[in-house]
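Colleague: Sequence:
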Amino acid sequence: SPRDLDGLTYGGFGSAWENALIGTIIRHDGGEGKFETVTLGTSAYEALANGAVDFTLEVYTWEGIKAELDGKAQRAFRYADFGVPDQHTNFIGSSRAYLEKNKDTATAFIAATRRGYAFAVEHPQEAADILIAANSDVLTDRPLIEASLKALVDGHYLQSPIGAIGRIDPAKMEAIGDYLFKT
791 SPRDLDGLTY GGFGSAWENA LIGTIIRHDG GEGKFETVTL GTSAYEALAN
841 GAVDFTLEVY TWEGIKAELD GKAQRAFRYA DFGVPDQHTN FIGSSRAYLE
891 KNKDTATAFI AATRRGYAFA VEHPQEAADI LIAANSDVLT DRPLIEASLK
941 ALVDGHYLQS PIGAIGRIDP AKMEAIGDYL FKT
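Those letters in the sequence shown? Residues 791 to 973, by the numbering used here.
No lab work stands behind these hints: they were computed from the structure.
The beta-carbon is built from N, C-alpha and C at its ideal position, and this holds for glycine as well.
Hints may be right or wrong, so weigh each one.
[Unchecked claim] What follows is a list of derived Cβ distance ranges for each label pair:
#	residue 1	residue 2	range
1	798	897	24 to 30 angstroms
2	896	952	21 to 27 angstroms
3	927	822	35 to 41 angstroms
4	873	852	33 to 39 angstroms
5	891	796	34 to 40 angstroms
6	852	967	33 to 39 angstroms
7	810	882	21 to 27 angstroms
8	793	897	46 to 52 angstroms
9	840	804	29 to 35 angstroms
10	884	952	42 to 48 angstroms
11	793	840	23 to 29 angstroms
12	822	957	18 to 24 angstroms
13	923	868	31 to 37 angstroms
14	884	933	32 to 38 angstroms
[What the hints assert, rightly or not] In silico BS3-like links for lysine-lysine, alpha-carbon gap of 27 angstroms or less:
#	residue 1	residue 2
15	940	824
16	940	972
17	972	962
18	856	940
19	862	962
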């Protein structure tokens, strides 16, 4: 459980919210929320694999799926189960200045993204094929791509349970914003 992370070494990415988030999770589970942090960026995953750190944060739909496919034992926790407000995990943002200067480009980009998400939900195998074909030099692990896309679809990361694509829940945004401000 998260309280077992007390006193261990966290391989982190250098953002200010990480320690607050992890401390909240540990304390919510009855621990003190005290741990050592080593900033490693994306090397945190390699450090975890070779035992140089005890834990890290992962994106379930990629690193978590990869670990499952590789048969690696690991424990994962949903932040919302341990005192951190539920949040949107897919977010595309921009500055007001860019949007004012490039309204047509931004509008077209968002429309294309929404169409792509809808296509991936309706045709996940074909979407995986297109993604791999367009990025064949880096996306070489077909089972990972397919399983990751399945997790994105099944977990409602691309489309909400009621069918909405590209909608932000203002209450979720306010809750996570308040949490980050307070911590």
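Colleague: Hint by hint, say whether it matches the structure.
Modeller: Each hint tested on the structure:
no. : hint                            : verdict
1   : 798 <-> 897: 24 to 30 angstroms : 47 angstroms, violated
2   : 896 <-> 952: 21 to 27 angstroms : 26 angstroms, holds
3   : 927 <-> 822: 35 to 41 angstroms : 46 angstroms, violated
4   : 873 <-> 852: 33 to 39 angstroms : 25 angstroms, violated
5   : 891 <-> 796: 34 to 40 angstroms : 49 angstroms, violated
6   : 852 <-> 967: 33 to 39 angstroms : 25 angstroms, violated
7   : 810 <-> 882: 21 to 27 angstroms : 24 angstroms, holds
8   : 793 <-> 897: 46 to 52 angstroms : 47 angstroms, holds
9   : 840 <-> 804: 29 to 35 angstroms : 20 angstroms, violated
10  : 884 <-> 952: 42 to 48 angstroms : 26 angstroms, violated
11  : 793 <-> 840: 23 to 29 angstroms : 25 angstroms, holds
12  : 822 <-> 957: 18 to 24 angstroms : 38 angstroms, violated
13  : 923 <-> 868: 31 to 37 angstroms : 33 angstroms, holds
14  : 884 <-> 933: 32 to 38 angstroms : 34 angstroms, holds
15  : 940 <-> 824                     : 36 angstroms, violated
16  : 940 <-> 972                     : 35 angstroms, violated
17  : 972 <-> 962                     : 15 angstroms, holds
18  : 856 <-> 940                     : 13 angstroms, holds
19  : 862 <-> 962                     : 32 angstroms, violated
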